[in-house]
Amino acid sequence: MTSEAILARYTPGKAPPLKVLNVFIELFNTLHTALEKTVSHKTRHERAQFLRRFFRDLKLKAGFKTMPDPRNLGQKHIRAMVQVWQRERLAPATIQTYLSFLRGLGMWMGKHGFVRPPAYYGLALDDYQRHEYAQRDKSWSRQGIDVDALIAQVCAFDVHVGASLRLIQAMGLRRKESVQFRPFEHVVPFGETGLPADQRQADRYAWVKGKGGRVRWIALESPARLAALAHAQSVVSGHDAHMGDPARDLRKNLRRFDYVMEKFGITLRERGVTGHGLRHEVLNEVYQQITGEASPVRGGGSVAPESDRVAREAVSQLAGHARIRASAAYLGQSVVMRRKVAQPRLDAEAADADSP
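For the sequence shown, the numbering used here gives the first residue as 46, with consecutive numbering after it.
Since the hints were made in silico from the structure, they are not lab data.
Quick reminder that beta carbons are idealized off the backbone N, C-alpha and C, glycines included.
Each hint can be trusted.
Here are the computed lysine-lysine pairs in the BS3-like style, where the Cα-Cα straight-line distance is at most 30 Å:
#1 K297 / K87
#2 K156 / K110
#3 K256 / K308
#4 K87 / K256
#5 K110 / K121
#6 K221 / K82
#7 K156 / K121
#8 K87 / K106
#9 K156 / K82
#10 K221 / K308
#11 K121 / K106
#12 K106 / K64
#13 K64 / K110
#14 K87 / K308
#15 K256 / K221
#16 K297 / K221
#17 K256 / K82
#18 K254 / K82
#19 K156 / K59
#20 K308 / K297
#21 K64 / K156
#22 K87 / K64
Per label pair, the in silico range of CB-to-CB distance:
#23 D243 / T47: 46 to 52 Å
#24 Q244 / E315: 38 to 44 Å
#25 A194 / Q244: 34 to 40 Å
#26 Q94 / E307: 19 to 25 Å
#27 G239 / D191: 36 to 42 Å
#28 A292 / G108: 48 to 54 Å
#29 R314 / A164: 31 to 37 Å
Between the sequences and the hints, there should be enough to build the whole structure, so can you do that?
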């Protein structure tokens, strides 16, 4: 049965709105809003949770007497909820995500362009535009933490979490990637990577499957990476084992990781950092190793545009991002990026000055 036929069984105005919404979620929630691919389980869960809450809040917070059928959702409903979000002072990134989720719902209903530009709903630029570049250095050392000493303490408390931290420190892995990493199975000779010969940096490479199923290759060329790998291999129970405690499944191992972070004060509240800050640490170090200057977020000096580009490309690849601009989330804006952002404003000011 087609999706149209399934939905036709639920008459607008008669079928319970949340029931209709759940049908849409069951039919379409695996789909990406812009690309022909599926989305992660995390995105599916967050999108479904938001949409259900959105329709409930139309009555609870926005003052509508009845909850509309999703197919009858109108601009007045979105505008009213945007006003609710503004009153609640939600972060720009949150509002941008919410509008993206609603845009997806519109696409499921065949209403492309249903969600208008943010300005239509009375949102100023600062209300919805997230900062895609780091505005402060989130790495551990910048908060006065002795990184090696703290990791050693964690290793003494929990060998699995400690080994994961060492891998993050050496290879810039995400938390989940570090827990799922298999230190024997995920290491191969260069010849098995499929990389061009002129890109060879080491005899052995680690492969990591990141967000969206993208696989990246990390050269095991430095003493730090080789030492982290050797330590990880000494911790696991077998050649096919991952870094998590074998007595726990993935979800419980991730919860254990978070518990250990909190136990050692690796939180924004206690130390001003999170476990993710260790990833920022290594990515900023890679930038400095390539350019000879600290990154912009660390107050580094001027770097030649080509050198900056090469370093940012290396950082993006190590971090598992397809776009070079993603490096700005760790390194801050380059001089070239700042000029591009500032130029429209400067042009407008010049035009005003020239006008009679």
